[in-house]
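Q: The whole structure should be built from the sequences, with the hints applied where relevant.
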Amino acid sequence: MRKKLNTIEEGKFLLSGNEAVARGAWEYGVHFAAAYPGTPSTEILETIAEEYDEIDAQWAPNEKVGLEVVAGASFGGARVLSAMKHVGLNVAADPLFTLSYIGATGGIVIVSADDPGMHSSQNEQDNRLMGKAAKVVILEPSDSQEAKDMVGEGLMISEDFDTPVLLRLTTRICHSKSMVSLGPRKEVPVKGYVTDIKKRVPIPSHARDMHSRVEKRLEDLSAWGSECSLNRIEEGDTSLGIITSGISYQYVKEVSPEVSVLKIGMSNPLPWNLIEKFINMVDRIIFVEENDPYLEENIKSRFLIQADGKNIIPIEGELNPEIVRKAVLPGTTKEIAFSEIQLPARPPALCAGCPHRGAFYCLSKLGGSSTGDIGCYTLGLMPPHNALETTVCMGASIGVLAGIEKAVGREGMGKLVAAIGESTFVHSGITGLIDMVYNGNTGTVMIMDNSLTAMTGGQENPTTGKNLRGEPAPVLDLEKIVAACGVKHIRVVDPHDLPEMEKAFKEEMNRDELSVIITKRPCIMAYRPVRRNMAEVDPEKCIGCKLCMNLGCPAISWDGEKPEISRHLCWPDCDLCVQVCPVDAISKDMGGLT
Amino acid sequence: MKSVTNVIICGTGGQGILLASEVLCSAARRAGNDVKKSEVHGMSQRGGSVSSHVRFGKTIHSPLVEKGCADLILAMEKMESLRWSQYLAPHGKLVVCDLEITPMTVNTGHAEYPDVNAIIEKESLPVTLIPAVEIAEELGNLRVVNVVLIGAVSPHLPIDEVHWKQAIEERVPPKALEVNLEAFRKGRELFGN
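Chains A and B supply the protein sequences, listed in that same order. With the first letter of the first sequence counted as 1, position 194 gets the number 194 in our numbering; the numbers rise by one all the way through. Take the position in the second sequence, starting the count at 1, then add 1000; the result is the number in our numbering.
No lab work stands behind these hints: they were computed from the structure. Bear in mind that the values here come from a model prediction, so they are computed numbers and not experimental data. Beta carbons: idealized from backbone N, C-alpha and C, even for Gly. There could be a bad hint or two in this list.
Simulated crosslink set (DSS-like; lysine-lysine; CA at most 25 Å straight-line) [as the list claims (entries may be wrong)]:
hint : chain 1 : residue 1 : chain 2 : residue 2
1    : B       : Lys-1165  : A       : Lys-12
2    : B       : Lys-1175  : A       : Lys-334
3    : A       : Lys-546   : A       : Lys-503
4    : B       : Lys-1093  : B       : Lys-1058
5    : A       : Lys-334   : B       : Lys-1186
6    : A       : Lys-4     : B       : Lys-1122
7    : A       : Lys-3     : B       : Lys-1165
8    : A       : Lys-546   : A       : Lys-588
9    : B       : Lys-1093  : B       : Lys-1186
10   : A       : Lys-365   : A       : Lys-415
11   : A       : Lys-135   : A       : Lys-198
12   : B       : Lys-1058  : A       : Lys-334
13   : A       : Lys-588   : A       : Lys-562
14   : A       : Lys-4     : B       : Lys-1175
15   : A       : Lys-3     : B       : Lys-1093
16   : A       : Lys-365   : A       : Lys-562
17   : A       : Lys-12    : B       : Lys-1122
Which stretches of chain B does chain A cover? Using the computed rule of at least three CB atoms under 8 Å from a CB of chain A, they are [as the list claims (entries may be wrong)]:
hint : segment
18   : 1012–1026
19   : 1048–1061
20   : 1099–1105
21   : 1129–1139
Here are some chain A residues pointing at chain B (derived, C-beta under 7 Å) [to be verified]:
hint : residue
22   : His-175
23   : Gly-367
24   : Gly-458
25   : Pro-462
26   : Gly-465
A: In structure tokens:
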């Protein structure tokens, strides 16, 4: 068996940025970590749980709770880490902004994994702006080695300067691999909890002092930042100077290794003395940074310099070597030997066997649609279902449905229901449901319970009966929670029982009171099926009616006249195509065990 | 010799692209190189397009291959082989698994699966088609398609055979090792030149 990484104390390994952060947490003595899964940050806690038993790690119901628990552990003198995707920091913003005033007893590192290019996100927010607004330290690694090292630097800064530290990663850091030197774990004792009311209760009279301390802290850190190794000048040809940070630094070094570079590793507070030195050293400056002009606006407004930046580098999307080359060394683009070919898109689809397919198939068949949420089931918007039409943020499906009813009434709402996964419901849907009950809404909320946080790769949550380490945990009873909120009409349906699913929609959509349908069937990633049987089409019986194509199942393709079912993709425990075929041309023995 | 080798491995979710790129990285590392690789997880799984960039050589900065610079593109699906054409270097090679997987956009009638052979001819793409699925079927294990393809591209990369084999040993579970090494050998022998 492969050795766990906590048995290895030296050598160089190829690690992803996320794996490197987990390693950094271990090497630099983190005691406790909590997170809610979110691409591209999820593997940080997963790696800690798999490889580093010395760290007590857990999934939180949402990012706010994750950060609060971590804050408490810091108050108790433990070194702590919390991880989240960029939009998760919005959820955790409330504790973040005041934790900045309170500071850290045990070191606090908060990982924000931003997603330039929106590979798996609903917006492209640049959390350097959040970190600056919260007046916390921001560190930006440019590869996996720095990701590991900056966890250590961050904990040290956090304890020395009494501040939370935001470790700002991006998808390209989280999910690219580069070489990392490993070291042993440095055990740091837990300091213990000591009552300190003036430090930890920000009533206005305390908070005013706290704020003064924060402003002084930023000044001290800026001065320190000009001397420390996190920020550095790499002197080259001084006719051009590039100011850059994060992954953009690697693109700059790739395309123009000869220019002078100011590499910013600590982007809040900025190291003003070092920046001034660099400005005086070079003839011309270009800011190379992804997404918002954070460095550019801050540095230009302080030193009133002329420089290129977002006028030649896009604000939208990820950077890459081509974009940086075009901006920094115009006229040197590589020869493109082969032209671009227009191809059909290959978007993601609900897996073969996905429990959500039955629900969306029925909703679509009835001419219904949904206010949607964040999860695999957001794919309900795709053809052939076309059964999801809004998405705002985690939990918003319920509030949005309630608001549509407020605007246009029960009639105007038509056949819209709210569609939300069980993990998202626990994250921040419960409060929306309480709002609907409290404020007299009608309408139907569909909680799609597949017993797994699936879109992020399959994580446990409070409804699954297991914790982050796979150990047994109490199961949150969704029916009881919904009933306790005051919902009178609750039904639990297997979404792959199409007649029952359709009946549930019809009856609940016609009801003049609030109702909740819980569609309950496990995600295909949550278990191994015992059956091995695959669906087969009898070409003699098939009439080519294409009803099975309305399922949008990736295992079913159309050969021009008849469907073909891939034996490699078909899921043994699913018979939706058998159910929808009007002439029994598709068969599958659902009773047969191997 | 060139100081950096650029490879893109592409295909669709669930085809073993990440394992293939792990094997390549491990082999390149064993051959004494600095290595970086980059891929995107999350929504791109669930049957969507997936790609992995691998770069190795003396010192690597960018984890992404630049357009016009890929020495080798390994495509595990025919249509996906065309998606990265602009990344191929003028001297580059495009090794393609002879397998078509129809995307949902085609199944739902929103698009047509292209005539890939005709496009390859029209664009003069330097393609080698590999019947890796047939070879894997002959070996009795469809899960080794990706290793057959690794075998087929291995002679085109500056990495010794011994490092490839060690990398496969490292990445594959012991009970599946023999069939994977056989898949590698077949791919390397039949299509290596």
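Q: Compare the structure with each hint and give your call.
A: A quick look at each hint next to the structure:
| no. | hint | result |
| --- | --- | --- |
| 1 | Lys-1165(B) with Lys-12(A) | holds (20 Å) |
| 2 | Lys-1175(B) with Lys-334(A) | violated (45 Å) |
| 3 | Lys-546(A) with Lys-503(A) | holds (23 Å) |
| 4 | Lys-1093(B) with Lys-1058(B) | holds (22 Å) |
| 5 | Lys-334(A) with Lys-1186(B) | violated (36 Å) |
| 6 | Lys-4(A) with Lys-1122(B) | violated (51 Å) |
| 7 | Lys-3(A) with Lys-1165(B) | holds (20 Å) |
| 8 | Lys-546(A) with Lys-588(A) | holds (18 Å) |
| 9 | Lys-1093(B) with Lys-1186(B) | holds (19 Å) |
| 10 | Lys-365(A) with Lys-415(A) | holds (11 Å) |
| 11 | Lys-135(A) with Lys-198(A) | holds (20 Å) |
| 12 | Lys-1058(B) with Lys-334(A) | holds (21 Å) |
| 13 | Lys-588(A) with Lys-562(A) | holds (17 Å) |
| 14 | Lys-4(A) with Lys-1175(B) | holds (20 Å) |
| 15 | Lys-3(A) with Lys-1093(B) | violated (37 Å) |
| 16 | Lys-365(A) with Lys-562(A) | holds (21 Å) |
| 17 | Lys-12(A) with Lys-1122(B) | violated (46 Å) |
| 18 | 1012–1026 | holds (count 4) |
| 19 | 1048–1061 | holds (count 4) |
| 20 | 1099–1105 | holds (count 4) |
| 21 | 1129–1139 | violated (count 0) |
| 22 | His-175 | holds (6 Å) |
| 23 | Gly-367 | violated (18 Å) |
| 24 | Gly-458 | violated (11 Å) |
| 25 | Pro-462 | violated (22 Å) |
| 26 | Gly-465 | violated (25 Å) |
When held up to the earlier numbered hints, the structure conflicts with 2, 5, 6, 15, 17, 21, 23, 24, 25, 26 and fits the remainder.
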